[in-house]
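**Q** Here's the letter readout for the chains.
Number of protein chains: 2
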Amino acid sequence: MAEVGAPVTMNDVARAAGVSTATVSRVVNGRYGVSASTIAQVRSAIERLGYESSLVATSLRRSRTNVLGLVTHSFQSYTAEVLKGVMQALSRSGFDLIIYTNSDLYGTYSEGWEQRHLTRLSGTLTDGCIVVTPWGEVRSSTPVVVIDPVRGSTVPSVTADNLTGAISVVEHLLALGHRRIGFIAGRSSLEAAWSREEGYRRALAEAGVPVDLALIGRGDFNPDSAGPLAHALLDRPDPPTAVFAASDGMALKVLEVAKDLGLSVPGDLSVAGFDNIPESALAEPGLTTVDQSMYRLGYEAAHLLKSLVSGEWEGRRRIRLPTSLVIRGSTAPPKSTPGP
Amino acid sequence: MAEVGAPVTMNDVARAAGVSTATVSRVVNGRYGVSASTIAQVRSAIERLGYESSLVATSLRRSRTNVLGLVTHSFQSYTAEVLKGVMQALSRSGFDLIIYTNSDLYGTYSEGWEQRHLTRLSGTLTDGCIVVTPWGEVRSSTPVVVIDPVRGSTVPSVTADNLTGAISVVEHLLALGHRRIGFIAGRSSLEAAWSREEGYRRALAEAGVPVDLALIGRGDFNPDSAGPLAHALLDRPDPPTAVFAASDGMALKVLEVAKDLGLSVPGDLSVAGFDNIPESALAEPGLTTVDQSMYRLGYEAAHLLKSLVSGEWEGRRRIRLPTSLVIRGSTAPPKSTPGP
DNA sequence: CTGAAAGCGCTTACAG
DNA sequence: CTGAAAGCGCTTACAG
Numbered sequence: 001m002a003e004v005g006a007p008v009t010m011n012d013v014a015r016a017a018g019v020s021t022a023t024v025s026r027v028v029n030g031r032y033g034v035s036a037s038t039i040a041q042v043r044s045a046i047e048r049l050g051y052e053s054s055l056v057a058t059s060l061r062r063s064r065t066n067v068l069g070l071v072t073h074s075f076q077s078y079t080a081e082v083l084k085g086v087m088q089a090l091s092r093s094g095f096d097l098i099i100y101t102n103s104d105l106y107g108t109y110s111e112g113w114e115q116r117h118l119t120r121l122s123g124t125l126t127d128g129c130i131v132v133t134p135w136g137e138v139r140s141s142t143p144v145v146v147i148d149p150v151r152g153s154t155v156p157s158v159t160a161d162n163l164t165g166a167i168s169v170v171e172h173l174l175a176l177g178h179r180r181i182g183f184i185a186g187r188s189s190l191e192a193a194w195s196r197e198e199g200y201r202r203a204l205a206e207a208g209v210p211v212d213l214a215l216i217g218r219g220d221f222n223p224d225s226a227g228p229l230a231h232a233l234l235d236r237p238d239p240p241t242a243v244f245a246a247s248d249g250m251a252l253k254v255l256e257v258a259k260d261l262g263l264s265v266p267g268d269l270s271v272a273g274f275d276n277i278p279e280s281a282l283a284e285p286g287l288t289t290v291d292q293s294m295y296r297l298g299y300e301a302a303h304l305l306k307s308l309v310s311g312e313w314e315g316r317r318r319i320r321l322p323t324s325l326v327i328r329g330s331t332a333p334p335k336s337t338p339g340p
Numbered sequence: 001m002a003e004v005g006a007p008v009t010m011n012d013v014a015r016a017a018g019v020s021t022a023t024v025s026r027v028v029n030g031r032y033g034v035s036a037s038t039i040a041q042v043r044s045a046i047e048r049l050g051y052e053s054s055l056v057a058t059s060l061r062r063s064r065t066n067v068l069g070l071v072t073h074s075f076q077s078y079t080a081e082v083l084k085g086v087m088q089a090l091s092r093s094g095f096d097l098i099i100y101t102n103s104d105l106y107g108t109y110s111e112g113w114e115q116r117h118l119t120r121l122s123g124t125l126t127d128g129c130i131v132v133t134p135w136g137e138v139r140s141s142t143p144v145v146v147i148d149p150v151r152g153s154t155v156p157s158v159t160a161d162n163l164t165g166a167i168s169v170v171e172h173l174l175a176l177g178h179r180r181i182g183f184i185a186g187r188s189s190l191e192a193a194w195s196r197e198e199g200y201r202r203a204l205a206e207a208g209v210p211v212d213l214a215l216i217g218r219g220d221f222n223p224d225s226a227g228p229l230a231h232a233l234l235d236r237p238d239p240p241t242a243v244f245a246a247s248d249g250m251a252l253k254v255l256e257v258a259k260d261l262g263l264s265v266p267g268d269l270s271v272a273g274f275d276n277i278p279e280s281a282l283a284e285p286g287l288t289t290v291d292q293s294m295y296r297l298g299y300e301a302a303h304l305l306k307s308l309v310s311g312e313w314e315g316r317r318r319i320r321l322p323t324s325l326v327i328r329g330s331t332a333p334p335k336s337t338p339g340p
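Residue numbers (the UniProt record's numbering), protein chains in the order written: chain B, 1 to 340; chain L, 1 to 340.
To be clear, the hints were calculated from the coordinates, so they are not data collected in a lab.
Hints are supplied without guarantee of correctness; some may be wrong.
Stated by the list, open to error - Derived coverage of chain L by chain B (criterion: at least 3 residues anywhere in the stretch with Cβ under 8 Å from a Cβ of chain B; other residues may be distant):
1. 49 to 63
2. 120 to 130
3. 204 to 218
Where is the CB? At the ideal position from N, CA and C, for every residue including glycine.
Work out the full structure: start from the sequences and follow the hints.
**A** Listed below in structure tokens is the structure:
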């Protein structure tokens, strides 16, 4: 088999069955008002030719497609977790899922990707879309749910309770005896990045530790952005005894840099992240982090979108999910100051 | 912002700019033969209205879309790995990727899903498709690459060297001193399942150990299918001292069952799998398995598809990738027979 | 340089 | 119960 000629169209079926395309369409869609014998003829032609309706043509003509979309920039571990949750929520829901990704990883073309893809899909293909970590506010003619929206967004969304999560991990470091705690921030337009930094500041303030701006590096969640920042922090004459990075990807990069510099973790330096991606458990030592269950973010987003599309949503349109601290081997009391 | 009215069409832009849709189309697609002033007008209208061409309408009209498709039934850890490889291969290639999944996990609707989805997409939406672990042979009017084809398939495909991989893991168990080695097979129509079983048989034969059919359970790669089979094997009066499952998902299920039965692994029972999914490293004890780099399978499949679509493929159309044995804590010498 | 018209594969009133 | 025709949003010869 493999590659065969032109695709079989409804027209081909109509000719083969000796009826009009309108009739074929009725049979395919199970509409009433077709005689049993005609149905049989058409069915047999469909079978014989291996006809399958074109998703594109159907969705251009119809308003409802029963396909939901998910738009994401890159494809990383956390995206995979999100997807698993989405698939679970959509299981046997009657909705299929289309995921659209552009191939330009980390490229300059990327800015505004989410809006472009969203518009191109939601014109006709999908009944609604989930957008993962967009660069800006999004708008669409069909329902949208954003996972990790930008700060100030008014679109329906699902986020982790980033503030509480960040507070808990910084409190953990403080309890171990750390006082000089570095921070590597994420892309500041995102509400998640803002809340994680706010949590860092609040936890320090609460403990009476002044915030030292020299200990804050400005990353963008991209692991590579954390390399130079970690170097800058650790090369200081008065380096921090612990570094909290706003994402696991960046924290793992800090781990690498520390190794390069000959620092042992957690002996010389404690490191903590945020997200709990699978790689964090596998790191050596395991990374202390905040679990935000990307699976649940995906699940809740899909559930919300499904309800919005069906027009049966009653509850709040901005969902915030709890986080939990995951303590692993990368954090310990600082060398000079034994823990309390 | 959020949800706004009807989507902006090319017609809207044409009216706003005072030109025909043909002209707007030319500007959008950068065709020659439009005056500079008209281009400026149209551009400004596009900007003002926030127009983005409809993927569906465009692909219905055009033969080439620069979108590749990936069709998969469910969405699991190995799918995520495959996707990462695919995305890497497509990075900056000019091709976008659409992933299509149906929501009916493990449902009866599933049989033949891959052909249905493939046909619906490849009619017009995509220039070519990757199909992951199909149920049967596939055909399409555009290029297809199958990851893990059925046995006897003639479609371009990418597979791990399952035979060699299975031999290596069984040899590992034999070297530890095991002689009664159980096997839980995968869905037999798949070439991967067949080769893994063949490897099991050959390694035993090579070692002069007769194959005991009572020690072979027939699963289907779905983890749940392995539960009853593991029970049956371990409840025997003469249970095997080791079980090799044809996939990690099934092997992890065997681990669970062993725990339920009060058997310690690897003390009372050795367990090995195939695939090396992330969960296997996290299991307690870590699962001995065969790494088949799903990432590379995805990467090679995308690379092959890209070349096929561009019509510039020269090499072989059936790619087989090497595997490697990963020894972790779940395998050890059997209790009664110390290792050699 | 620009527009009117046909058509991609479907669905849906509208006639009959 | 069935078909001819219009139209979903685009692109592309074909005229002018």
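**Q** Give me the numbers of the hints this structure contradicts, sorted from smallest to largest.
**A** Number 3 only.
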